[in-house]
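S.K.: With the hints as extra help, turn the sequences into a complete structure.
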Amino acid sequence: MSSIEATSPMFEPVFMRVALLASITIGASLSVLGVYLVIRRVVFLGLVVANAATLGAALAEAVGVATEIPSLALAVGTAVALGGVESSNRVSAESLMGWAYAAASSATVLVLSSTTGDSTHTLSLLFGNILAVEGADVVGLTVIAIVILLVQWLFARRFLLVTFDPDAATVAGVNTWRWSMALNLLIGISAAAAVQSTGALLTFALLTLPAMAALLATSSVRATFATAAALGIVLPSIGLAFSFYLDLPAGPATVALLALSVPLAAMNRDAESPQDRPPH
Amino acid sequence: MTEWALKAERLTLGYGRRALFRDLSFEVARGAILGIVGPNGSGKTTLLRTILGLLRPLAGVAHWQAGLSISYVPQRERIDRTIPVTVLEVVLMGPGAKAPALHRTGRADRESADRALARLGIESVGRTLFRNLSTGQQQRALLARALATDPDVLVLDEPTAGMDVASEAITMEFLRDLNRTRHVTILIVTHLLPLVLNLATSMMLVGSQSILHGPIDDVLHEDRLTALYGVPVHLGVVAGRRTLVVNRGNQPHV
Chain A
1 MSSIEATSPM FEPVFMRVAL LASITIGASL SVLGVYLVIR RVVFLGLVVA NAATLGAALA
61 EAVGVATEIP SLALAVGTAV ALGGVESSNR VSAESLMGWA YAAASSATVL VLSSTTGDST
121 HTLSLLFGNI LAVEGADVVG LTVIAIVILL VQWLFARRFL LVTFDPDAAT VAGVNTWRWS
181 MALNLLIGIS AAAAVQSTGA LLTFALLTLP AMAALLATSS VRATFATAAA LGIVLPSIGL
241 AFSFYLDLPA GPATVALLAL SVPLAAMNRD AESPQDRPPH
Chain B
1 MTEWALKAER LTLGYGRRAL FRDLSFEVAR GAILGIVGPN GSGKTTLLRT ILGLLRPLAG
61 VAHWQAGLSI SYVPQRERID RTIPVTVLEV VLMGPGAKAP ALHRTGRADR ESADRALARL
121 GIESVGRTLF RNLSTGQQQR ALLARALATD PDVLVLDEPT AGMDVASEAI TMEFLRDLNR
181 TRHVTILIVT HLLPLVLNLA TSMMLVGSQS ILHGPIDDVL HEDRLTALYG VPVHLGVVAG
241 RRTLVVNRGN QPHV
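As you go down the protein sequences, you meet chains A and B in turn.
Take this note's numbering: the last position of the first sequence gets the number 280, and nothing is skipped along the way.
Take this note's numbering: the last position of the second sequence gets the number 254, and nothing is skipped along the way.
For the record, the hints were derived by calculation from the structure and aren't laboratory data.
Check before you lean on any hint, since a few could be wrong.
Example chain B residues on the side facing chain A (calculated, C-beta under 10 Å, incomplete) [as the list claims (entries may be wrong)]:
#1 P74
#2 T82
#3 V90
Now the in silico label distances, taken between C-beta atoms and shown as ranges [as the list claims (entries may be wrong)]:
#4 G121(B) - L264(A): 37 to 43 Å
#5 T105(B) - L260(A): 35 to 41 Å
#6 V245(B) - A156(A): 50 to 56 Å
#7 A266(A) - R78(B): 25 to 31 Å
#8 L102(B) - A230(A): 25 to 31 Å
#9 T105(B) - P13(A): 44 to 50 Å
#10 R78(B) - A156(A): 20 to 26 Å
#11 V63(A) - T105(B): 19 to 25 Å
#12 G53(B) - A103(A): 30 to 36 Å
#13 T105(B) - S8(A): 40 to 46 Å
#14 L102(B) - L260(A): 34 to 40 Å
#15 P39(B) - A103(A): 39 to 45 Å
#16 L110(A) - N40(B): 57 to 63 Å
#17 R78(B) - L260(A): 31 to 37 Å
Quick caveat, the model's predicted, so the values are computed rather than measured.
Glycine included, C-beta positions come from ideal geometry on N, C-alpha and C.
M.R.: What follows is the structure, given as structure tokens:
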């Protein structure tokens, strides 16, 4: 008997251990990348990319091919295409993302409803099922998470620079467009990898809520990324425990916990010392 | 013949298909202080973004002398303030942007940042969060970031926005000193003509459809300024410094 089995009956079934590993790897990479989405005020990009990945999987199912490549292609293509969109005088970038979300999610349902009569399978694609993840999938998810976290660690200064002040970075000779696209590419890859295990809702929640809570609760860049990663790892694990012991659906339980973390972080911010507040 | 820092040739600029200015050709000499002045909405920032390469010109070209190090101090409002970066981290972004992507901050970068903070008189707030500074201090932190790169050209967009009179005077004096001692070419965009009246060596008056550029004494004429701002403008000299008086009804505004 391993030590993890000895500490909790929750980890006796293999599928629970696999689900825990999957949620840790997905949570870590999505929550760290999400910090950039929240700072750049493009959180809806996360929602659109997650839905584009689902649409890719649905289209693949419709034509009877493996879902991974179409899902990845559509997610990355969407992240790169919408990542370069700027607001015009008539339509904001946020509105365009709202349009893309509506189009992608309706297309997904239409594709699935016309190709499969199995509603459970349809729901699984739309909302994911972390408990159904297989061991081989976890290996792939872990490799992707390690690569994404490594790239983020190596180039964090450049990503922050182009996020903080893209104009000054461009004048200094930094190819801001290329670095922004690299960031969107990472978001597209991680969302596509996650969405078939966690579903679009949890993928979006992991991309935005840990980052929001971390930005509210912390006062340094390092602490923001560390806290976002910690929340992205710990809260889905607690969500799994709720699922096991209280017989709740794992995904929604995790999203509820992630949502709860934001007002708690805001309360922590309200309690911060007066000298940390901006002057009036 | 004076060496140029910036040269624009038949530059047409604007957004989409709408041209704000057509066929602009001008040079900015190295070591000059150029004031780009005009009323709100006249197109100053569009001109600045075009010559900085942030906006693609509709026609023509604007190019900088090869090898010049250019630093840009944008309007404070364009800076993200959700990121919890300290003032020191902001200043370190200056040298960081000029270094290779995998460059790690070293002692030389920190010393350069500390020197820049000290020159701007804000060394005591290095560990403070940028977003928690006052408006004037934030502007000085951005100036320190530009200074930490040891630039040949400094481009500033509304550099004293939100500053009190004392901070404004200190900043202008600092820029004059930077130009005099280190021969830094300075371009300042402002809607406040008095700000650059006694600082700029050349002036660009940006009107609704035309731009007038030249040495400051050639450009500053009461009739031109009156036409530009749409109110009677009078120029004078008090204690050896240029002054400007705007008549609005019977109440002069200095």
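S.K.: Does each hint fit the structure? Answer for all of them.
M.R.: Tested hints:
1. P74: Result: holds, 5 Å to nearest chain A Cβ.
2. T82: 5 Å, holds
3. V90: Check passed: Cβ of V90(B) comes within 8 Å of chain A, closer than 10 Å.
4. G121(B) - L264(A): 37 to 43 Å: 40 Å, holds
5. T105(B) - L260(A): 35 to 41 Å: The hint (35 to 41 Å, Cβ to Cβ) holds, given that T105(B) and L260(A) are roughly 37 Å apart.
6. V245(B) - A156(A): 50 to 56 Å: With Cβ atoms ~53 Å apart, the hint holds.
7. A266(A) - R78(B): 25 to 31 Å: Taking Cβ atoms as reference, A266(A) and R78(B) lie about 26 Å apart, which means the hint holds.
8. L102(B) - A230(A): 25 to 31 Å: Taking Cβ atoms as reference, L102(B) and A230(A) lie about 26 Å apart, which means the hint holds.
9. T105(B) - P13(A): 44 to 50 Å: 48 Å, holds
10. R78(B) - A156(A): 20 to 26 Å: 22 Å, holds
11. V63(A) - T105(B): 19 to 25 Å: 51 Å, violated
12. G53(B) - A103(A): 30 to 36 Å: Holds, at about 34 Å.
13. T105(B) - S8(A): 40 to 46 Å: Since the Cβ atoms of T105(B) and S8(A) sit about 43 Å apart, the hinted range of 40 to 46 Å holds.
14. L102(B) - L260(A): 34 to 40 Å: At 39 Å between Cβs, range holds.
15. P39(B) - A103(A): 39 to 45 Å: 43 Å, holds
16. L110(A) - N40(B): 57 to 63 Å: 49 Å, violated
17. R78(B) - L260(A): 31 to 37 Å: 34 Å, holds
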